[in-house]
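Those protein sequences? They're chains S and C, same order as listed.
So the first sequence is numbered by the numbering used here: it starts at 49 and just counts up by one.
So the second sequence is numbered by the numbering used here: it starts at 202 and just counts up by one.
Source of the hints: derived by calculation from the structure; they are not laboratory data.
A hint or two may mislead.
As the list claims (entries may be wrong) - With a cut-off of at most 20 Å between alpha-carbon atoms, the simulated EDC-like pairs for lysine to aspartate or glutamate come out as follows:
{"hint": "1", "chain 1": "S", "residue 1": "445", "chain 2": "S", "residue 2": "495"}
{"hint": "2", "chain 1": "S", "residue 1": "525", "chain 2": "C", "residue 2": "268"}
{"hint": "3", "chain 1": "S", "residue 1": "313", "chain 2": "S", "residue 2": "273"}
{"hint": "4", "chain 1": "S", "residue 1": "360", "chain 2": "S", "residue 2": "332"}
{"hint": "5", "chain 1": "S", "residue 1": "80", "chain 2": "C", "residue 2": "249"}
{"hint": "6", "chain 1": "S", "residue 1": "413", "chain 2": "S", "residue 2": "114"}
{"hint": "7", "chain 1": "S", "residue 1": "592", "chain 2": "S", "residue 2": "556"}
{"hint": "8", "chain 1": "S", "residue 1": "80", "chain 2": "C", "residue 2": "270"}
{"hint": "9", "chain 1": "S", "residue 1": "361", "chain 2": "S", "residue 2": "273"}
{"hint": "10", "chain 1": "S", "residue 1": "145", "chain 2": "C", "residue 2": "217"}
{"hint": "11", "chain 1": "S", "residue 1": "80", "chain 2": "C", "residue 2": "220"}
{"hint": "12", "chain 1": "S", "residue 1": "525", "chain 2": "C", "residue 2": "235"}
{"hint": "13", "chain 1": "S", "residue 1": "145", "chain 2": "C", "residue 2": "235"}
{"hint": "14", "chain 1": "S", "residue 1": "145", "chain 2": "C", "residue 2": "268"}
{"hint": "15", "chain 1": "S", "residue 1": "80", "chain 2": "C", "residue 2": "217"}
{"hint": "16", "chain 1": "S", "residue 1": "145", "chain 2": "C", "residue 2": "249"}
{"hint": "17", "chain 1": "S", "residue 1": "354", "chain 2": "S", "residue 2": "371"}
{"hint": "18", "chain 1": "S", "residue 1": "378", "chain 2": "S", "residue 2": "402"}
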Amino acid sequence: MYRYDEFDAQIVNERVAQFRGQVARRLSGALKEDEFRPLRLMNGLYLQLHAYMLRVAIPYGTLSADQMRQLAMIAERYDRGYGHFTTRQNIQYNWPKLADVPDILQHLADVEMHAIQTSGNCIRNTTSDPFAGAAADEIEDPRPTCELIRQWSTLHPEFTFLGRKFKIAVTGAETDRAAIRVHDIGIQIVKNEQGEIGYRMFVGGGQGRTPMIAPVIRDFLPRRDLLPWLEAALRVYNLHGRRDNKYKARIKILVHEMGAEAYAKEVEEEFARMDREVIAPDQEEIDRIAAYFAPPQWQALPEDSKRLEAGKKADPDFARWAETNTHAHKAPGYASVVISLKPVGGAPGDATAEQMRLMAAAADKFSLGELRITHEQNVVLAHVKKDDLPSLYNMLKTQGLHAANLGLVTDIIACPGLDYCALATARSIPVAQAISERFADEERQREIGPLAIKISGCINACGHHHVGHIGILGLDKAGVESYQITLGGAPGEDAAIGTRTGPGFAFEEVPDVIEKLVDRYLAIREPGETFLQTYRRAGMPAFKEAIYAAA
Amino acid sequence: MAKTFKPVVLTANALEGGEAVWWTGAGWSPRFAEACPARSAEEAALFETLAAAPMFERMVVGPYLAEVEVTEQGLNPGSRREAIRADAAPTFDYLVGAGAREQAA
Numbered sequence: 049m050y051r052y053d054e055f056d057a058q059i060v061n062e063r064v065a066q067f068r069g070q071v072a073r074r075l076s077g078a079l080k081e082d083e084f085r086p087l088r089l090m091n092g093l094y095l096q097l098h099a100y101m102l103r104v105a106i107p108y109g110t111l112s113a114d115q116m117r118q119l120a121m122i123a124e125r126y127d128r129g130y131g132h133f134t135t136r137q138n139i140q141y142n143w144p145k146l147a148d149v150p151d152i153l154q155h156l157a158d159v160e161m162h163a164i165q166t167s168g169n170c171i172r173n174t175t176s177d178p179f180a181g182a183a184a185d186e187i188e189d190p191r192p193t194c195e196l197i198r199q200w201s202t203l204h205p206e207f208t209f210l211g212r213k214f215k216i217a218v219t220g221a222e223t224d225r226a227a228i229r230v231h232d233i234g235i236q237i238v239k240n241e242q243g244e245i246g247y248r249m250f251v252g253g254g255q256g257r258t259p260m261i262a263p264v265i266r267d268f269l270p271r272r273d274l275l276p277w278l279e280a281a282l283r284v285y286n287l288h289g290r291r292d293n294k295y296k297a298r299i300k301i302l303v304h305e306m307g308a309e310a311y312a313k314e315v316e317e318e319f320a321r322m323d324r325e326v327i328a329p330d331q332e333e334i335d336r337i338a339a340y341f342a343p344p345q346w347q348a349l350p351e352d353s354k355r356l357e358a359g360k361k362a363d364p365d366f367a368r369w370a371e372t373n374t375h376a377h378k379a380p381g382y383a384s385v386v387i388s389l390k391p392v393g394g395a396p397g398d399a400t401a402e403q404m405r406l407m408a409a410a411a412d413k414f415s416l417g418e419l420r421i422t423h424e425q426n427v428v429l430a431h432v433k434k435d436d437l438p439s440l441y442n443m444l445k446t447q448g449l450h451a452a453n454l455g456l457v458t459d460i461i462a463c464p465g466l467d468y469c470a471l472a473t474a475r476s477i478p479v480a481q482a483i484s485e486r487f488a489d490e491e492r493q494r495e496i497g498p499l500a501i502k503i504s505g506c507i508n509a510c511g512h513h514h515v516g517h518i519g520i521l522g523l524d525k526a527g528v529e530s531y532q533i534t535l536g537g538a539p540g541e542d543a544a545i546g547t548r549t550g551p552g553f554a555f556e557e558v559p560d561v562i563e564k565l566v567d568r569y570l571a572i573r574e575p576g577e578t579f580l581q582t583y584r585r586a587g588m589p590a591f592k593e594a595i596y597a598a599a
Numbered sequence: 202m203a204k205t206f207k208p209v210v211l212t213a214n215a216l217e218g219g220e221a222v223w224w225t226g227a228g229w230s231p232r233f234a235e236a237c238p239a240r241s242a243e244e245a246a247l248f249e250t251l252a253a254a255p256m257f258e259r260m261v262v263g264p265y266l267a268e269v270e271v272t273e274q275g276l277n278p279g280s281r282r283e284a285i286r287a288d289a290a291p292t293f294d295y296l297v298g299a300g301a302r303e304q305a306a
């Protein structure tokens, strides 16, 4: 993974010192809140219902075991013993005190981490495939590209005052595990007919109150043109994007209103006009960054593992977990493991300090000291030998990290919602807990098969409900929580925005509603069909009538 | 017809710790029960003026008026959001480790 050089270290250390001064001036009254607020947001520090909230950047979701241990220490020393992993592969602390934040940032800087640009109207964390560098279907590891974008976008003087937040995602495979089509800019690594690596550029996707799937703005962009093209794309947005209305300020609105063709034309004109040589990194820099992500030396192993098979025979719970929570690896005899942070009845994406330490130890022991956070709020150990799966499982079990539910009905994404968030209109975590408890039975979960439920506690859609197979949106209707259900959303290469079923439901009704939808699916599915496939075949009416009483 | 005035309290987040606080009439308290309600439009207007006081910049962030219900037993929060703030915690057992249930199994 990327390691800071002296410039990177200088930047984060100076940033901490700068923020320390800003906090001191805020506490003394020398800075007023409206002066301080944009400054603290640029360091990822929000003020929520009960406390401040610090969002720490985990670049493209990758972190080392040492970094994970530091996150655990911070949770214990400065917070309430836990952290929350987010849908943008970051971590959030829910209870820091303002005066402690500079010290927290220094502890982060000490392990090459920071909270820069995790909030505010700037370019945020560039997210990616959690199986980067491991996935069997990958054209190229997307992380060198993500690291280039990260360096280009951090403290970029021209884009520090955008009209609104800006989110970029990169996939290295055609199967899109980074949800690039619902990002402001989505980047797909592709190969052209000559076998050259380049990028397909999607611009103008997003969720929130006006969800949109991004159109392709450039079909093939040669590798070295990436940063200049991004610069051109941002310049056009910065110039033409709206600033009069917060709800119309994202690039998706601009691309939609201009039209994709007109937007593309402006970008190409800017691209042609600009001094690209100044912006494009030279090959030496591209190679320097790529070297940090050089694949490890794989051991020569047979594809199948006798130890794994024996373990599965001996322990049916382990067998279930090994089948559900692993992902195909490019090297024979290896697998990528997904550690579920969605135990039945738990708060999705939360991990205690002890659990973080255990995951760090597991990474050291079994996965070359590296972990990844997924945008579905789980944790990946990318390079595990199949021989080691039984030992890893037993280790995870000691901290309740062995739920065998990847992609199943209890693998729910939920934003923090009204229990934490100042923007929320309804609770989301208790809804996830209730659904999870309703479907606790593991056999039943497997019978249902892949089913992605995503819950947002307000219209800002941080829970990504628009791209849930079942999406749940919590609103406030005359002081009472009301949950709207959407069906048929999908985040990947077959991206779709879910369709509303109809009137919303009360908090207590939601688990019953989900159960009725599931039962209807089980009743009408054809052999081998997933929930999403059945919905796409049978359509809304079949499901709608299951949850609303006949008129 | 005159709209019935709904009592309000003045609330904010404490600057240092970020916790929800309420104006008691003599200071800011983290205990909702100690909040001082404004029982008329005139009192509410006074609270608005108070909220803008420069001295509060060093104590609290983002003061605003929140509706409450005044009963004989005391105050009740006027919305679920304010009830959650008054409890100073999420509505579920958030400190239970994510895997505690699994471990217990």
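Run the distance test for residue 354 (chain S) versus residue 371 (chain S): straight-line Cα separation, threshold 20 Å.
holds, 15 Å
Taken at face value, is the distance from the CA of residue 268 (chain C) to the CA of residue 145 (chain S) at most 20 Å?
Distance ~27 Å between residue 145 (chain S) and residue 268 (chain C) Cα, so the pair is violated.
Does the structure keep residue 80 (chain S) and residue 249 (chain C) at a Cα separation of 20 Å or less?
holds, 18 Å
Straight-line alpha-carbon gap residue 592 (chain S) to residue 556 (chain S), limit 20 Å:
The hint holds at about 19 Å.
For the pair supplied as a hint, residue 445 (chain S) and residue 495 (chain S), is the alpha-carbon distance within the 20 Å limit?
Violated: residue 445 (chain S) and residue 495 (chain S) sit about 23 Å apart, past 20 Å.
Hinted pair residue 360 (chain S) and residue 332 (chain S), Cα distance within 20 Å:
The given pair, whose Cα atoms are some 47 Å apart, is violated under the 20 Å limit.
Would you check the hint for residue 145 (chain S) and residue 249 (chain C), treating anything up to 20 Å between C-alpha atoms as holding?
Violated: residue 145 (chain S) and residue 249 (chain C) sit about 27 Å apart, past 20 Å.
Would you mind confirming whether the straight-line C-alpha gap from residue 80 (chain S) to residue 220 (chain C) stays at or under 20 Å?
holds, 19 Å
Hey, residue 145 (chain S) versus residue 217 (chain C), does the alpha-carbon distance stay inside 20 Å?
holds, 6 Å
Against the 20 Å threshold, does the CA-CA distance of residue 313 (chain S) and residue 273 (chain S) hold or violate the hint?
With a Cα-Cα distance of about 16 Å, the restraint between residue 313 (chain S) and residue 273 (chain S) holds, given a limit of 20 Å.
Verify the proposed pairing of residue 80 (chain S) with residue 270 (chain C), using a straight-line Cα cut of 20 Å.
Violated. Residue 80 (chain S) to residue 270 (chain C) sits at ~33 Å, over the 20 Å cutoff.
Given the hint that residue 378 (chain S) pairs with residue 402 (chain S), test it: the Cα-Cα distance must not exceed 20 Å.
Violated. Residue 378 (chain S) to residue 402 (chain S) sits at ~31 Å, over the 20 Å cutoff.
The structure does not agree with the numbered hints 1, 4, 8, 9, 12, 13, 14, 16 and 18 stated previously, though it agrees with the rest.
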